[in-house]
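Following the hints, complete the assembly by docking chain B onto the known chain A.
The primary structure of each chain is shown beneath.
Protein chains: 2
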Amino acid sequence: MESVGKSMKRVDARGKVTGEARYANDLKPKNCLTAKVVHATIANGRVLSIDTSEAEKVPGVVKIVTCFDVPDIEFPTAGHPWSVEPAHQDIADRKLLNERVRLYGDDIAAIVATDNVACERAERLLKISYEEYDPIVTVDEALSPGATPLHPNLRKDNVLLHTSFRSGELGEIDYEQAKEKAAQKYGADQLLEQTGVYKTARIAHCHIELATSWAYVDTNGKVTVTSSTQIPHIMRRVISQALGWPVGKIRVIKPYIGGGFGNKQDILYEPLNAYLTIACGGRPVELEISREECMVSTRTRHAVRGEVKALYTRDGKLLARTMDEYSNGGAYASHGHAITASIATIFKDLYHDEYGCRSDATTVYTSSATAGAMRAYGVPQAVFIADCLVDDICAAGGFDPLKFRMDNCVGAGFSASNGITYYSYSMKECMRRGAEAIGWEEKRKAYEGQTGPVRHGVGMSIFMYKVGVHPISLETSSARMILNQDGSMQVELSATEIGQGADTVFTQMASEITGITPDRVYIVSTQDTDLSPFDTGAYASRQTFVTGKAVKKCGIEFRKKILDYASYMLDRPAEELMIWQNRICEKLPEDESTKIDPAAVWADFPDVDFKPFDLKDLPNGEDSILRDTGNIEGRPGKALLDMKDLAQTAFYSLSRSEHITAEVTSHCKENSFASGCSFVDLTVDMPLGKVKINRIINVHDSGRLINPQLAQAQVHGGMAMGIGYALSEELLYDAKGRPLNDNLLDFKIPTAMDIPDLETIFLELDDPMGPFGNKALGEPPVISVAPAIRNAILNATGVAMNELPMTPQRLVEAFKEKGLI
Amino acid sequence: MESVGKSMKRVDARGKVTGEARYANDLKPKNCLTAKVVHATIANGRVLSIDTSEAEKVPGVVKIVTCFDVPDIEFPTAGHPWSVEPAHQDIADRKLLNERVRLYGDDIAAIVATDNVACERAERLLKISYEEYDPIVTVDEALSPGATPLHPNLRKDNVLLHTSFRSGELGEIDYEQAKEKAAQKYGADQLLEQTGVYKTARIAHCHIELATSWAYVDTNGKVTVTSSTQIPHIMRRVISQALGWPVGKIRVIKPYIGGGFGNKQDILYEPLNAYLTIACGGRPVELEISREECMVSTRTRHAVRGEVKALYTRDGKLLARTMDEYSNGGAYASHGHAITASIATIFKDLYHDEYGCRSDATTVYTSSATAGAMRAYGVPQAVFIADCLVDDICAAGGFDPLKFRMDNCVGAGFSASNGITYYSYSMKECMRRGAEAIGWEEKRKAYEGQTGPVRHGVGMSIFMYKVGVHPISLETSSARMILNQDGSMQVELSATEIGQGADTVFTQMASEITGITPDRVYIVSTQDTDLSPFDTGAYASRQTFVTGKAVKKCGIEFRKKILDYASYMLDRPAEELMIWQNRICEKLPEDESTKIDPAAVWADFPDVDFKPFDLKDLPNGEDSILRDTGNIEGRPGKALLDMKDLAQTAFYSLSRSEHITAEVTSHCKENSFASGCSFVDLTVDMPLGKVKINRIINVHDSGRLINPQLAQAQVHGGMAMGIGYALSEELLYDAKGRPLNDNLLDFKIPTAMDIPDLETIFLELDDPMGPFGNKALGEPPVISVAPAIRNAILNATGVAMNELPMTPQRLVEAFKEKGLI
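Heads up: the protein sequence lines correspond to chains A and B, in order. In this note's numbering, each number is its position in the first sequence, counted from 1, plus 185. In this note's numbering, each number is its position in the second sequence, counted from 1, plus 185.
Just chain A, with the same shape it has in the complex:
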């Protein structure tokens, strides 16, 4: 490999530090109008009237629209690929502006003016009257008899959707019957049970760049929206739905972005922005929301409550588990039930229960901030519940949590009910390496029988994470490559760079396949839905895997066209040629001595009971092109032609002018699982309720790394996010449904001072499903951090903290309750 696997500098590094990176706001035109959304000041009810007459008199005000003006169209906002089957489409439950108020901060009107001051003056002059209902902020309130249904047209109660998954014998019998069977097999006295209720908090994404967009109607009548989004092509389709316009009349542009974490995998204010420019005769209108609006009126991570029960034997064998889980979905469906279903799935699959597992999960509408996608899409909640339970079992049963996990975790070759198979399985190897690195055995021993107010603990948690959304949903990606006159090239994709380094790894992949060096590969970072090859966007840790295949397939096609032209110029068969470091070279047979033997790679993992893959066994035969590394496996001989000379001739030849480009679709029908775990060593100062993380180690098997340094940075970011999730972050509401800490002063994300050195270990296990042996990495790092910290606190103090975040207040209260302080 020439480019893949190397830690090349980010292609956007210079732009980021010099300010050359062009964010949505940097490109707003000079003559842009400004829009401001008017939010409801009640949490549940109905707008009766909005008198705009005084507000319209404010100088500079161009247009005021209210919930009584907008199209009577309900639309969905989830960043999901579309389905042509109505049953699989997302829930359409909101309008551009809502007369029915379902949360404090709901969008009820919008003001467009020449400047922000005029907007604010006008807003103060609006006269709004409401009919107010009781707020139903919590899941219990929403489910209580007589609670107002928030979406009576869709659901008579506030249950958005319910899932009941069962595995193993629990598919046939219930938990009590399983218990009876187990009693017969093992003896009733050999059985132990553990119950628990575990809760996670609602948190905000806190991306640095706020949700922002600007829109205008273009020369051809298309409404053109420039937005900081992860999903430009999906946004185009949703704006089309929201306006009732054909999708061809909508164009979305996504420039450089300052973070998303899943919040921008939803459609936020862009349809309203599109509507506002139309309402203003096509003039450019910008709509940037504030931090406070972003925290309550965009999307949050689902707060969940999991009520669980486990049956296991005295010698540490899991027999059965059940979970009844409730997710607070907030006021609108957003991603609907998909995230809660993911919680139920991973809780069930992460461990093997002899009699199986029942996993029930419910998403509930409440009159509070809408929950949506956030890094790892429910899996952090699932793993928190599953791994709190495991350590509580271990504490009760006297098991070593590492050994218990080794014995009971998901096994090699596991195939999920939807057919995803754990091809390159490494869960146990990850655990082993993490345990060794942190000194698990020694520490567990050393920390036994501690006394005094300051105690030490070591804890762990594991995760599995699938790559992309196949086969639940569509995975499709197109790529286009364009040769320049100087022998450099553009790569055009719609899998977005959102800070995670996608543009850099795609550059490396394109370079790898084409033989054009990375400094001459220009990734087109801005997406334009009119032109950019279709791809659903940045989410589900899908890009290096799904889009990576499109890049590879396109690169093979592009390379073929270049070599065809070289063959014409040099009058030699294309098969005798290869591209190497920007030159057309003679292709020599590959040197056998340098060829990688896949079996040898796997030999490093003695414990992995998995055989190297024969390519012909791949489930999707069509995809064989993706496994073909083509002429890059040859060895370059004599250089014959510079790419620049080839390109100039191809452009300007009077005998054969040909502008070399390639464009392909890769429909991805493969999937795999990434594995990993977190190990934490920490100190708890009980009187202060203060947790100090001494060491934290994340171990990841994400297959082959495209860029090790970026991979490490990705893991660091996830770990820091996990620490905030564990210890400090929670979006709070009062009983009336009013947000209490919707700002970065009161909502506590960790600062650099709060983050210890972050240690990462990678197992680069070649995955046969990945275009370069790679699989998911973007989201996994956040998953197992919080439960590992929780379990280390349990190890240190014997106190099971069952609710996130584990703030000093909660810790002190728990330690007091246990008489420890």
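No lab work stands behind these hints: they were computed from the structure. All values reported here derive from a predicted model rather than from experimental measurement. Certain hints may be false.
Note that identical chains are pooled: a pair holds if it fits in a single copy or bridges any two copies.
What the hints assert, rightly or not - Calculated cross-link-like contacts (lysine-lysine; reagent style DSS-like; alpha-carbon spacing at most 30 Å): (1) Lys366 / Lys407; (2) Lys248 / Lys201; (3) Lys1003 / Lys494; (4) Lys854 / Lys745; (5) Lys933 / Lys877; (6) Lys745 / Lys407.
Same frame as chain A, but now just chain B:
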């Protein structure tokens, strides 16, 4: 034909009238800095020093660069396709800013500031010292012995280039020898000679939108220039040359444009703009020049002088002609000698001389505004010279100008020396129809023997015009088509809409081939050189012909992909299907009764001695796909599938997801000639020097018209421009080389009050070289107007006006000289 040949409304009509059309200035970002060019205030000399110290202190000034700071790189500015052969490359004779001042208004420094006021204040504080040489404003001054060479490194004298073309026997013998031969053949007393000196004026293009651009350095380090240009891809290459950066590091974006007429077929201030943003750390910098700057510091039409001689027989047969022509090229090469060579070519080819023609032409550097491309690229000058000469012959020899032209004009089947053949010849038919429309014979008779101060005249002139630049230069064009989820499509090209209606006719062509109705064909009007398929741009009346072939070829490929998918969905062979009005239909055999018989079309032109073309006789066999109208020749049967349903399935199918796009290159190796003529009836008020045009008729054979209404509009625009050229426009200089009328108050373009009703007649003669039987139309309408007016004045008054423009002052002076007033 479903779409081609219909007068559909311009696709940008709504955008133009609502203000939704987005011009370069509309999209400038909020934080843009402003640049101002500092121009020399001498016409010939050298900058000795520029002291910027006081200017830099002006608040708001960010950067001042002078001719002493810029890269020491000379670059060309012509909007020509590149050649890989250095001998065929354009002349590189200027830097970003020039220390050597070659015209009044040369660019010697640039100021960048936060606003224009700061720029102007700073400019006033610059201290500039010059060494001054004698200005050489006219061709005679520039060629006089001892004149300072303006480009001593390139040319020892001021002759940019000289051409000597000869046809017929004059290739072997000289004029005097031909005369001897003719005397032997016809008898010396049967021979007549005519000499003349004809002059045309330097004029400005006067596009409404000034030359304007803005630039920044983007996230990926590319310098990105948004410019109002006709030639984005050529501009990219030239900026690369000017900066010494690889072309891949340059990106040019061309938004909606407010006119160009060839001035924007040159690279104007964009390389400087690119340099300035780099100098300012990549911050956005705008550079819009004023009307005054545009008139003297961009490009102009060459002022020419043609000294001619003709030999003919007493019964009106042309025997031989010679021309010695001089073009004032101004200070820089711009398009070099190409325009002057075009003058020499057309003078030679437009008429048939028994013994041939000698056509010598010279382009001369002078210290005045640079001459470059302007609508019809020298042909108006050539035809003015040729057709003044013809009417002067007719006046002297007593011939009817119509009959003389019928007898002597270029003939059917004519093949130019470079191989371009007059396939669909119609020159005489054009003349016949024009003569009939204006009532030529009656009027010529009626206007005989007039007396008194107010007289009437009728005049005519003819032209031939080739389509595109093949084989002199490269003609290549790529196209891309993209299917949307709603069954609509984008068409992406780099042949620019510059007001001429290109976007509309390409929409019609794409619709014609694909079966998707024009309202669902979205032409991508903005070009982006990183992404848009390569095409050299808008010039040479090449687009409907050259780019039209690319649209056709791409449409065939795109349609094939759609029908392949339809075949998959419907489980029927693609050959049985066609697309008709946004539906996949059964394809029935074409109805013989509605099929067009090409022979029948030609039968309308009894006098055209040309046989319908057999497709297999096409010179370029590869191109046969362009002659294939594929399944559109079928007849639609039962509708089977809506394009929207097909598109949605293709995007979102879980079994076969495919994003249907197509991209092709068409290397055009064909050419043809368009023909036409102008007829004018006018009244001259001799004491007032006032010319009133009573009727003016342009007759055009541009092959089949894609959009008759737009074609007519195009002709109207050209005729109006021709009237200005004839009667009022001239950019004047004083003896020191200072412009005298560089503004729209003193430079007289015609207003609506000056333009009579404009009559147009089209002959739609199917041309076998055109993708839809079409050929050049954009430039031709301007060509023959001025000589027709001149010849009508000659007819009215007997006075031969041999210099353009024929202003009242010149007319009065001429009438006085002749004793008419």
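Results for each hint:
1. In this homomeric assembly, Lys366 and Lys407 never come within 30 Å of each other (Cα to Cα): the closest approach is 65 Å inside a single copy and 69 Å across copies.
2. For a Cα distance limit of 30 Å, the shortest separation of Lys248 from Lys201 across copies, 23 Å, qualifies, whereas the shortest one inside one copy, 36 Å, does not.
3. For the identical chains of this complex, Lys1003 and Lys494 are intra-copy neighbours only, at 23 Å inside a copy versus 117 Å across copies, given an alpha-carbon limit of 30 Å.
4. For the homomeric pair Lys854 and Lys745, the shortest alpha-carbon distances inside one copy (25 Å) and between copies (25 Å) are both at most 30 Å.
5. Taking identical chains as interchangeable, the C-alpha atoms of Lys933 and Lys877 lie at most 30 Å apart only when both belong to the same chain, with a minimum of 16 Å there against 82 Å between chains.
6. Proximity of Lys745 and Lys407 under a CA criterion of 30 Å is satisfied inter-copy only: 27 Å between copies versus 37 Å inside one chain copy.
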